[in-house]
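Just so you know, the protein sequences line up as chains G and D, in that order.
Read in the working numbering, the first sequence has 211 at position 211, and its numbers run on one by one without any break.
Read in the working numbering, the second sequence has 39 at position 39, and its numbers run on one by one without any break.
Take the hints with a grain of salt, since some may be wrong.
In silico SDA-like links for lysine to any residue, alpha-carbon gap of 20 Å or less [said to hold, decoys possible]:
no.: 1; chain 1: D; residue 1: K61; chain 2: G; residue 2: G191
no.: 2; chain 1: D; residue 1: K61; chain 2: G; residue 2: F183
no.: 3; chain 1: D; residue 1: K61; chain 2: G; residue 2: T57
no.: 4; chain 1: D; residue 1: K177; chain 2: D; residue 2: A71
Hints listed in this document are in silico derivations from the structure and should not be mistaken for laboratory results.
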Amino acid sequence: MPLPIPIPPPPSPKQMVLATEDWIEYRTGFPTLVRKFLFRKVPPTGWFHTLGSSLLTVFILQATTGMLLAMTYDPSPNGAYESIRYITDYQTLGWLMRGMHKWGASMMVILLFLHMGRTFFYGAYKYPREMTWLTGSLIFVLTMAMGLTGYLLVWDQRAYWASVVAVNINGTAPVLGPFISKFLLAGPVFGAQTISRFYALHMLLIPGAIGALIFVHMWLVVKLGVTPWPSRPPEEEVELPQMVESV
Amino acid sequence: MADTPAGSHAHAYTAPQAPDSAVTRGQFLTLSSVGLGAMIGAVIGVPATAYVLAPLTDEVKFEEVNLGPTANFTKESGFAPTAATYVEDPSNPNTSAGLAWVHSTGKSNTDWLASDAMFVVFSNRCMHLGCPVAANAGGFACPCHGGVYNTEGIRTGGPPIRPLDRFEWKIENDDLKLTNRWSVDFLNGKLTYFPVKMPGQPVDLGAPSIVNDHIPDLLYPNVTYQHGAVPKPH
């Protein structure tokens, strides 16, 4: 009589998930990476510590809605306004995508200022987090540049004249000003190529740079840890200088 | 074998000694890789940079435009310039459109630089940051940041840094045609026409220019103008 071979029970759903995770883990190491990123020790935190992740969320929202809008938008002087009108008035849920992109832009700038204020008042820019502050400052400048380049793309009268004024403000900077202005306009005056140049800056160059800087920024946050609420440990209390009575 | 310690069975191997100044094999390969990489980068990067920065060398050009019959502009009484819109490049009406304020002086000389020229044609581009100015009985005013100009286009208030640009014009077959655009500022007390500069940027005082002899003297005979200074009517 051959020994009966026990039939293993079918794997449970949990085991299947774990097996899949192991399969990925042995080949890429990503599950460990994600676990180390998400499960970190943090000091006591509050709502102010959520501003950074809110910013990341809004950035992802902007990137997503931006990609969707780009599927319909026509960055040409003769087609831009009509394509925006089509998105807003005719395309299914176009008004929602455009609205989220527009209000998300304002939200990103507001959150950015709040996040920067939190960093400043917590003293989170100090050693060893100077590089986090510097990369954040670059993201701040680039977000402003996103606002400038995106504003023109609506291509109505307000967008046009606001961009004329903004480019001319750049032009008044000493020495480099006229070159910056010509670089932005793709020529000496507002021309047919200006809008496509703004579009390329708004769509590809600046968001790519922001994405790369966000990666560095978050790498530093994970490496250096979250800044605790600033407080002075009791053993480091500063002794006040003794008052000396003048004779 | 003189350096081998007594009793040692090791075969002493001495690497061939290179002269001190020579580069090692590793250093040579490192430098070659970096240098080759830099060359490959330059082959792509230099033309790409030139492609992006080429517009920096472009200068403003003006295409001649026809504003229509002169009779449309001569019905003016007092100072009430006629707004004339034009399109420089018909294939790009949205980016090459402009507006000129045509002031009829009531005189008849068709030479645009003469002291009794029949028209003075102002650009509507504010010299602060480029918003469109509107004409009124006292001159021009800008809605954006409050720039004010008198009837000669000379700044009398607000942030603009120089007078309004002017157009060179001619009359052909009784049509008023704009042939060129000039930026205007004072040089040695004379209103002078310079190659066009963007709003907010000073004119290039060294560039070839045309001196307009009559305008400041006609307006304010006792005022000596300095470059960039604001003339004060008395």
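*Assess, step by step, whether the Cα of K61 of chain D is no farther than 20 Å from the Cα of G191 of chain G, and give holds or violated.*
holds, 12 Å
*Measure nothing beyond the straight line between the CA atoms of K61 of chain D and T57 of chain G; if it is 20 Å or shorter, mark the hint as holding.*
This hinted pair is violated, its Cα atoms lying about 46 Å apart.
*Below or equal to 20 Å on CA atoms is what counts here, so check K61 of chain D against F183 of chain G.*
Since the Cα atoms of K61 of chain D and F183 of chain G sit roughly 17 Å apart, the hinted pair holds (cutoff 20 Å).
*Would you mind confirming whether the straight-line C-alpha gap from K177 of chain D to A71 of chain D stays at or under 20 Å?*
holds, 13 Å
Checked against the numbered hints given earlier, this structure breaks only hint 3.
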